[in-house]
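Protein chains in written order, with this note's numbering: chain P, 677 to 812; chain V, 127 to 263; chain S, -18 to 299.
These are computed hints drawn from the structure, not numbers from a lab. Beta carbons: idealized from backbone N, C-alpha and C, even for Gly. It cannot be assumed that every hint is accurate.
Unchecked claim - Below, in silico cross-link-like pairs of lysine to aspartate or glutamate (EDC-like), each with a Cα-Cα straight-line distance of 20 angstroms or less: (1) 153(V) with 700(P); (2) 163(V) with 180(S); (3) -1(S) with 83(S); (4) 119(S) with 72(S); (5) 214(S) with 700(P); (6) 214(S) with 222(V).
Said to hold, decoys possible - Pulled a few chain V residues facing chain P out of the computed Cβ check, cut under 7 angstroms: (7) 167; (8) 170; (9) 220; (10) 222; (11) 236; (12) 239; (13) 240; (14) 242.
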Amino acid sequence: MSALKVPILKVGEVLLVSIQADIDDRAVLELQQRVLEQIEQTNARSVLIDISLLEMVDSFTGRMLSDIASMASIMDAATVVVGIQPAVAITLVELGLELKGVSTALDVDDGLRILRERLKDKRRKRAVGADEHAPA
Amino acid sequence: MSMPQPEASRIEVSDNEDVVRVRAAVKEAAARMGFSKVDQVRLVTAASELTRNIRLYAGRGTVEVRPVRSSGRSGLRINFEDSGPGIADVDMAMTDGYTTSRGMGKGLPGSRRLVDDFRIESEVGKGTLVTIIKWLH
Amino acid sequence: MTSDNNPSQAVINPLTIKALTEREDAILEAWMNNRVNSSDFRETLISGEELRADSQSFLRAFIMAIANSNVEEMRGKEFNAIRRLLLEISEARAAQAFSPSETAFYVFSLKESLLPFLRDEYRDDPETLLEELNKLSKALDKLGSFIFVTTIKNRERVIRQQQQDMLELSTPVVQIWDRIICLPLIGALDSRRTQLMMERLLERIVKTRAEVAILDITGVPTVDTQVANYLIKTVTAVRLLGSTCIITGVGPSIAQTIVHLGIDLSGIITRNQLSDGIRQAFEMTRQRVVPINAADGEPSAEKGDTDERAQSSYSESW
């Protein structure tokens, strides 16, 4: 299955990425590329990656998730990964992949709430920062 | 172990799509043998790591998925064989975080933690054979 | 074996069947007398009526089976019927605490009671008498050993099931509040139990959409490096699902052990008391428990709840 078949939707300020089937390594890298391009083109502030249908996350896919989170963060977008299955979580831990630096949520609803809170937080901090630099 | 073993499957690995095929074959075999959900994911993940190693280091190779029986237990055995450059220092390769490629260095040591038996035979210039077994509880 | 190839050796003589069928009641009577008077009959375990009813069904099924099939092979629907019947009897007996050998001896004991009736039938033909006795004896031996082996297998199955049940019982997952669950751990943690516990906890988190999972280790006597590692693994796996784990019940001795072993629990939320953990969990799920008289006229504990609902519906529309 090609990465082009992984839909990326923009809803509000969020990019919704839903990986619905096992994809090969090349498609994983293409997906990463497309997400970053979409952040730039749509000016999205958040990325939500739903992997509830993935029956396996190995070190390659795990690395892709970490990389997207780091790269998106440099582009000023927050990432949350939702729907990791219990069996997949146990296997990831045993494999030694803790996906440090990747925010997670139980499902799309929770993921959206976390992203919204994160955004509100960021804007408030910036507003405070702007005040600090305001002319005396 | 002289009994005839049923339903072994061999998959030639030469491109990225083949890694996906190996994952699907292992998943199917593990589910049919009655492995728990978690054990199925462990097997598929280990197979994915080790098949990717074939692609990364040798380019091509063979994966064989075979149900086995030994002293009253049943299990699933998977062989990963290539004629690639081989591994000079197997102990080093089994260390967490050690990698000579773009990987995260979790492939070999991580896979070993996911299965019950893990054997690796490698000769520089000749190739590598990794054998893993997971037993049904 | 030559007898396998010789059908006359394996098929019961029609005269025998006729004799057994005609005298079924008398045979049953003799068998029951034999049972009740035998040293291994235990009146406390089974009533005479029950034994008689079982035995009558068995005797009838036995005659049907030997009349219609080859006793060497013991195949066919009649033998299947008698095996099923024996299984039922055996299960009932096992529930009454009969041992497998007692049930087997019950089957063997029919031989003795058949003997006088066959002797009557073949008074003038000792050779046939011997043959027929031999065949009947073989058939009963096979049934007896079948029931012995099956009873033992059934027992092993019951024991395995009970072990599994105990394992399940020892890891209950409790729903504390909307989106908060708790797993109280009691007793020593071994690797198999911890593994099962982790799987159940993760599944329940997904099923109940729990944002916070409290792992209470008040009832765990000791924590060694291995147990600590399991706890850390569990906390990490819970985080990957998108939920948060709080470990409570970490008393002084466990705290000391953890530090002495050099186990790094930083990044893991630990609380001394379960109640502290629950309070923390409410905060993390944007909820609050307030004393009733804290705010006059205002519904207190409900307030946070309502706010939360308003908030989540907002997030959905957003």
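field: Violated hints, by number in ascending order, as checked against the structure
entry: 3, 4, 5, 9 and 14
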